[in-house]
Amino acid sequence: MLNSVLLCADPSPHLFARRPFVIEFKAVSKTYRSILGKSVPAVVDFSLDIREGEILGLAGPNGAGKSTLIGLLLGYMSPSSGSVSIDGQHPRAYIERHGIGYLSELVTIPPAWHTENALKRYALLAGIEPAGVQLRVDAAIDLLGLDEHRKKLIKQLSKGNLQRVGLAQALLCDERILILDEPTHGLDPMWTQRFRDLVLALRRPDRVLFIASHNLDELQRISDRVAIIDHGRLQRVVDLKNRTIGSQAAPYRLVVASGIEHVLGVFPDAVPAATNEFDLPERSLEELNRQLAELISRGGLVSSIAPVHTALEQQFREAIAQ
Amino acid sequence: MTTATIPPVVTPARRHARLGRYALWQFGDFGFNIAIVTFILFALLGVMFLMQMDAQAVYFASRKMAMPVEAKLQSFSMLLSMFTTVAPFIAMSGVVATDRSNGYTRFLFAKPMSPVRFYAQSVLVRLVGYLVVGCALLLVWSRYAPPGFSLKFVVDLIGAFFAIGGVIFLLSVLSRYDGLVAIVFVLVSAIVWDKWDQATGIRHAVTYLLPPIGKMSATHSWFLGLNGIGNLVPVPFPTKWFLWTSGYGLACLVLGLILLRRVSLTKA
Chain A
649 MLNSVLLCAD PSPHLFARRP FVIEFKAVSK TYRSILGKSV PAVVDFSLDI REGEILGLAG
709 PNGAGKSTLI GLLLGYMSPS SGSVSIDGQH PRAYIERHGI GYLSELVTIP PAWHTENALK
769 RYALLAGIEP AGVQLRVDAA IDLLGLDEHR KKLIKQLSKG NLQRVGLAQA LLCDERILIL
829 DEPTHGLDPM WTQRFRDLVL ALRRPDRVLF IASHNLDELQ RISDRVAIID HGRLQRVVDL
889 KNRTIGSQAA PYRLVVASGI EHVLGVFPDA VPAATNEFDL PERSLEELNR QLAELISRGG
949 LVSSIAPVHT ALEQQFREAI AQ
Chain B
66 MTTATIPPVV TPARRHARLG RYALWQFGDF GFNIAIVTFI LFALLGVMFL MQMDAQAVYF
126 ASRKMAMPVE AKLQSFSMLL SMFTTVAPFI AMSGVVATDR SNGYTRFLFA KPMSPVRFYA
186 QSVLVRLVGY LVVGCALLLV WSRYAPPGFS LKFVVDLIGA FFAIGGVIFL LSVLSRYDGL
246 VAIVFVLVSA IVWDKWDQAT GIRHAVTYLL PPIGKMSATH SWFLGLNGIG NLVPVPFPTK
306 WFLWTSGYGL ACLVLGLILL RRVSLTKA
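Those protein sequence lines, which keep their order, are chains A and B.
Quick note on our numbering: the first sequence kicks off at 649 and runs consecutively.
Quick note on our numbering: the second sequence kicks off at 66 and runs consecutively.
If you're looking for bench data, these hints aren't it; they were derived computationally from the structure.
Glycine included, each C-beta is placed from N, C-alpha and C at the ideal position.
Incorrect hints may have been included.
[To be verified] Coverage of chain A stretches by chain B, computed from C-beta distances (three or more under 8 Å per stretch; other residues unrestricted):
1) 745–753
2) 775–785
[To be verified] DSS-like mimics (lysine-lysine), calculated; alpha carbons at most 25 Å apart, straight line:
3) K889(A) with K674(A)
4) K686(A) with K332(B)
5) K332(B) with K803(A)
6) K332(B) with K260(B)
7) K137(B) with K807(A)
8) K217(B) with K305(B)
9) K280(B) with K137(B)
10) K137(B) with K217(B)
11) K305(B) with K332(B)
Just chain A, same shape as in the assembly:
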């Protein structure tokens, strides 16, 4: 009963044809041209495939081309060259037939709308049957903790609450493709954590989640792969699901419980960071383990050793430095 109410349309026996990739960017470039003829390349020769069931993160510094890429994926603008497809179709053709869940970086909803009414409108536009709109809106309001705000005007909402309304409208229908642009922007730490839980609950074998964020820690926690772009170019794709800890050099933070006097003897280049804490400049895993064994053999007691940057941060830094 509950499932039938939450359906966006009449159940159909025709499911999507299985394809190896749901979203495909093929050598996509986008150049903005001003009236005066000045051209600014926003995306350059970008190619990427996204598989079913995947959560793909998109990271990049400000102005790297993330929003343009999402605009191209939604078919809101056309690429200057190359092609973007969803299920083998032009993005607009796909979206106009099936819809997608989309949360934009800036949540733009007319300020004079009431929260609940805004969601009702979006539910109708998402194709939810009129009889099921109220139930689905109530479910989304409950899911995003918006009950106390349902009668408020959009303009009365705080940034975090507005972000949750934006997320609620993206989740109104059981979309197969979800595109979330800076989804935790403005959320407090509690809701940021809940958002992560929500995303993990949204994972489904036939669903694609495309999440653009500045928050590398967040992407590391929820993504299978993260595409890093800079200056409109795809710099690298970090596979977090199947990553192997390589022997690439990285800086570490060492904390010792005792034997502090031995640290500088074993790690001559260590820089004291705080009481009992040292920053170790870049070194390979092999060298690090050899030095740690030496420290322990001298009587040092290691409390913790961790990379200064997460694996993704490290990859991000390297990609951007290139």
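Take the given structure of chain A and dock chain B to it, following the hints.
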């Protein structure tokens, strides 16, 4: 948030936005944002015109004469000219540009619907709303002075809506300053037609590029049954000017809908 789960469901192969049901929300928006303002504005203007007519009636009464119907109709004709020019402006200004420049299109067009259908429906809603306001104003007016309601009035309003509103729609697809550009465009058209309608050569040819907005008065005359010198006589339907002005606007409207497929949906 009680639970962080979404019930698993089968994704249907295809769905579509419930645009028909959404039209009720669009009518509500039109009512609150446009209809009330338009009604109040023209009701106030109507009151001023009626007061002026009362003053004229006193003048006629002092000469032991009743105020002629032609004079009352001419007074209404001026009000009608204002309404058919300004009301479509108010109704259609920003129809696309507001959504794009404020970013409302982002969520709208992630839903399963085409912008062409959405905005075609939006225009239809505005047309119906504009007609309801126009007819309501006429019904109120007709309690105090002629003319009474007739279908000719509706035809007149529809022609004016497409003539002005169609141009504004196209400009709204192309620019965020649609209202301002439309005012300039209509003024230039009116001036060019006034100056060069009787000219010859290239000047006359230029008039064919612009809509003869001033000729909308011919449809008002047909509705009111007033000829050029203000006599009450049957006036034939101005087919040429009606088709030209409305057709020009309708062509702009269709072109705007076609261009919606080609312009960026997020920038204006």
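Regarding the pair K137(B) and K217(B), is the alpha-carbon distance no greater than 25 Å? This hinted pair holds, its Cα atoms lying about 18 Å apart.
Is the hinted pair K280(B) and K137(B) satisfied, with a Cα-Cα distance of at most 25 Å? Roughly 21 Å between the alpha carbons, so the hint for K280(B) and K137(B) holds.
Between K332(B) and K260(B), does the CA-CA distance stay at or below 25 Å? violated, 38 Å
Report holds or violated for chain B covering the region 745–753 of chain A, Cβ cut-off 8 Å, minimum 3 residues. holds (count 7)
Hey, K332(B) versus K803(A), does the alpha-carbon distance stay inside 25 Å? At roughly 22 Å apart (the allowed maximum being 25 Å), K803(A) and K332(B) satisfy the hint.
Compare the distance between the alpha carbons of K305(B) and K332(B) with 25 Å, and conclude whether the hinted pair is satisfied. Given that 25 Å is the threshold and the Cα spacing comes to 38 Å, the pair is violated.
Check whether the Cα positions of K686(A) and K332(B) lie no farther apart than 25 Å. OK: K686(A) and K332(B) at ~18 Å, within 25 Å.
Within 25 Å, alpha carbon to alpha carbon, are K889(A) and K674(A)? Given pair K889(A), K674(A) holds - Cα atoms ~24 Å apart, limit 25 Å.
For the region 775–785 of chain A, do three or more residues have a beta carbon lying closer than 8 Å to a beta carbon of chain B? holds (count 4)
So if I understand the rule, the pair passes when the alpha-carbon distance is 25 Å or less; does K217(B) with K305(B) pass? holds, 16 Å
For the pair supplied as a hint, K137(B) and K807(A), confirm whether the alpha-carbon distance does not exceed 25 Å. Not OK: K137(B) and K807(A) at ~57 Å, beyond 25 Å, violated.
Hints 6, 7 and 11 from the earlier list are contradicted by this structure; the remaining hints agree with it.
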